[in-house]
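Trainee: In the order they appear, the protein sequences are chains A and B.
Take any residue in the first sequence, note its place counting from 1, add 942, and you have its number in my numbering.
Take any residue in the second sequence, note its place counting from 1, add 22, and you have its number in my numbering.
What the hints contain is simulated information worked out from the structure, not anything from laboratory work.
These figures come from a predicted structure and were not determined experimentally.
Among these hints, one or two may not hold up.
Computed list of lysine to aspartate or glutamate pairs in EDC-like fashion (alpha-carbon distance at most 20 angstroms, straight line) [claimed, not checked]:
id, chain 1, residue 1, chain 2, residue 2
1, B, Lys140, A, Asp1016
2, B, Lys199, A, Asp1016
3, B, Lys163, A, Asp1002
4, B, Lys163, A, Glu1003
5, B, Lys199, A, Glu979
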Amino acid sequence: MIVRLMGEGQFDVDDEVAKGLNDLDEQAAQALEAGDEERLSELLRRMAEAVRMNGARMPDEHLDASDTIIPPDDLSLEEARRLFGDEGLIPDLPGA
Amino acid sequence: MAGLMSRASMVVKAKFSKLLDHAENPAETLDYSYERQLELLQNVKRGIADVVTSKKRLELQETQLQQSVVKLETQAREALAAGREDLARQALERKSGLQQQLQGLDQQAQQLEQQQEKLVASEKALSAKVEAFRTQKETIKAQYSAAEAQVRIGEAATGIGEQMTDTGLAIQRAKDKTEQMQARASAIDELTTSGALEDFTSDQTQLDRELGALASKSQVDDELAKMKAEVGSGEKQKELQQ
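Work out the full structure, taking the sequences as your base and the hints as a guide.
Mentor: Right, here's the structure in full:
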C-alpha cells in the first residue's frame, strides 16, 4: 500500500503496518475531537515513524496516487482544524 | 467519526480534482503550477534570509550588552576605589539586571537559530520536490497529446495532482512558519531598540555622569600627584645642584 506522509513523500508499506496505522489513526481522530494537541502530535509522530521505519521510500518522481495520506507530524491543532475545515489549510491551486 | 488519514486524502483529492476538472489545457495548468511553486519557494527563501538578518542584529545587541556588563563592572571597581560605595552598588545592580536580560536574549537567539535550521532543511526538501514536480509534469506532457490529456489527465494525473497539492501545502506551511519567525525576530528587535531592554551603551545615565566626574576627578588627582612629584624632584635636583 502506498502511503503519503504529507510534506515528506510517498512510502510503500505492507498490510501489517497499514493495520497498525489504522489503530493509531482512530486514536488521533479522537485526540483532535478532544482538542488534545499533545496527544495528537504524539500519535501523528508515531504514525510517521512507523511509515518511515517500515516503509520503502518512493522516489519523488513516482507518479501514482497514494492509497492514503497522513497529515504532517508537526501539525498543530489550529492547523488541523483548518486542514479539515471549510477554511482549508491547503492554498487554492492556481487555475482552480 | 472518520479517521484523519481518510479526511486528509479527501481534502487533497478534492483540491486537485477541482483544478483538473476546470483546466482547459492541463499541460498549461501544470506549467503554471510549477512556476507558481518556484515563485512561492523564492518567497520562503527570502523570508529565511530576513530571519538570518534579524538574528545577526540580535547577536550584535548581545555583544553590546556584554560590553556594557564589563564596563559596569569596571565602573563599580572605580567607584569603590574612590570610596563611593553607593555608586558601586548602583553599577552592580545595573550589571545584574543586564545579565538577566542577556540570558533571555541568548535563549531567544538560540530558539531562533534552531527554528531557522529546520526551515532551511525544509526549504531544501521543498526545492527537491519542486524539481521532481517539474520532471513529473514533463513526463505527463510527453505521454499525452493535448487532446488526449484533456480526457485522460484526470486519472493519469492523480499522482501528479496529489504531489502538486502536497507541495503546495508544504510550501504554505514553510511560508507561515517563516512569517511567524520574522514576526518574532522583529518583536525582539523592537523590544531591544525601544528600550524595554535598555541600551546601556548609548545613553549617558546619571551613574555614568557621576562615575565620569569621579573618573576625571581621580585622573586630575593622579596627574596632579604626578606633577607634584616631578616638580618636587626637580626642586630636589635644584637643591642638589646648588
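Trainee: Are the Cα positions of lysine 163(B) and glutamate 1003(A) separated by 20 angstroms at most?
Mentor: Holds, because 14 angstroms separates the two Cα atoms, which is no more than 20 angstroms.
Trainee: Measure nothing beyond the straight line between the CA atoms of lysine 199(B) and glutamate 979(A); if it is 20 angstroms or shorter, mark the hint as holding.
Mentor: 18 angstroms, holds
Trainee: Checking one constraint from the list: CA of lysine 163(B) to CA of aspartate 1002(A), max 20 angstroms. Satisfied?
Mentor: Between lysine 163(B) and aspartate 1002(A) the Cα gap is close to 17 angstroms, so the pair holds against 20 angstroms.
Trainee: Straight-line Cα separation of lysine 199(B) and aspartate 1016(A) no greater than 20 angstroms?
Mentor: 12 angstroms, holds
Trainee: Is it true that the CA of lysine 140(B) sits at most 20 angstroms from the CA of aspartate 1016(A)?
Mentor: It holds: about 12 angstroms lies between the C-alpha atoms, which stays within 20 angstroms.
In this structure, none of the earlier numbered hints is contradicted; all agree with it.
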